[in-house]
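On the provided structure of chain A, position chain B as indicated by the hints.
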Amino acid sequence: SQQGEEDPQALSIQEGENATMNCSYKTSINNLQWYRQNSGRGLVHLILIRSNEREKHSGRLRVTLDTSKKSSSLLITASRAADTASYFCATSAGNTPLVFGKGTRLSVIA
Amino acid sequence: DARVTQTPRHKVTEMGQEVTMRCQPILGHNTVFWYRQTMMQGLELLAYFRNRAPLDDSGMPKDRFSAEMPDATLATLKIQPSEPRDSAVYFCASGLGHRQNSNQPQHFGDGTRLSIL
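Residue numbers (our numbering), protein chains in the order written: chain A, 595 to 704; chain B, 15 to 131.
So here's chain A without its partners, still in its complex pose (with noise of 0.2 Å):
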């Protein structure tokens, strides 16, 4: 299976501090997604880094690629309580359409 497998499955930091999460996967891939979930919402996509691509950067988002350890982190930086989301990962490899992981529970401790 394809799927990203988002690490740590839950992350509590202070309000300012970094926050970063992984996402594994297990096949190749076209482009991975980031996606943001708050609560009793659906998902709100973020980013979305092409298999040619390293880094990519959207305000205080900074996501990074590594197709041969098959993995992505995002960074948010300077985190602030209205950052408390659970955050997903997703690719998107060949004629399938996007698989998500299981998400990072993110809190923000102001």
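Treat the hints with care, since some could be wrong.
Simulated pairs of lysine-lysine, DSSO-like, Cα-Cα distance not exceeding 30 Å [unchecked claim]:
(1) A/Lys696 x B/Lys92
(2) A/Lys664 x A/Lys650
(3) A/Lys696 x B/Lys25
(4) A/Lys696 x B/Lys76
(5) A/Lys620 x B/Lys76
(6) A/Lys650 x A/Lys696
(7) B/Lys76 x B/Lys92
(8) A/Lys664 x A/Lys696
Rough simulated footprint, nothing fancy, chain B against chain A, three-plus residues with beta-carbon under 8 Å [stated by the list, open to error]:
(9) 612-618
(10) 688-695
Don't read these hints as lab results, they were simulated from the structure. Glycine is no exception: its CB is placed at the ideal position from the N, C-alpha and C atoms.
Relative to chain A, chain B alone:
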């Protein structure tokens, strides 16, 4: 901002009843996905459509689930008869796809929280 709209947001019903969930994708999006989310299984893809044609519904229990797109503005997911194990949050998502798969970001609705008693 354009949004995917799902109705109802919540549904509680007794086992054996028919359940219909509706989704209005973002105007112009040609790909619609149905997912089920539970604590145990995470987010599972049930079915998806491209240009209203079903591409894959292998994630769906065929004996009780059916998914359709009567027109470009409406997607439906039906469960008949419903069972307690169908209790979950069901999400619809839409996006733009140009090949068999969709590499583009998906836009999710806020889901239908279904409880089967």
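Hints, one by one, checked against the model:
no.	hint	result
1	A/Lys696 x B/Lys92	holds, 25 Å
2	A/Lys664 x A/Lys650	holds, 16 Å
3	A/Lys696 x B/Lys25	holds, 24 Å
4	A/Lys696 x B/Lys76	holds, 25 Å
5	A/Lys620 x B/Lys76	holds, 29 Å
6	A/Lys650 x A/Lys696	holds, 22 Å
7	B/Lys76 x B/Lys92	holds, 11 Å
8	A/Lys664 x A/Lys696	holds, 17 Å
9	612-618	violated (count 0)
10	688-695	holds (count 8)
Of the numbered hints stated above, the single one contradicted by the structure is hint 9.
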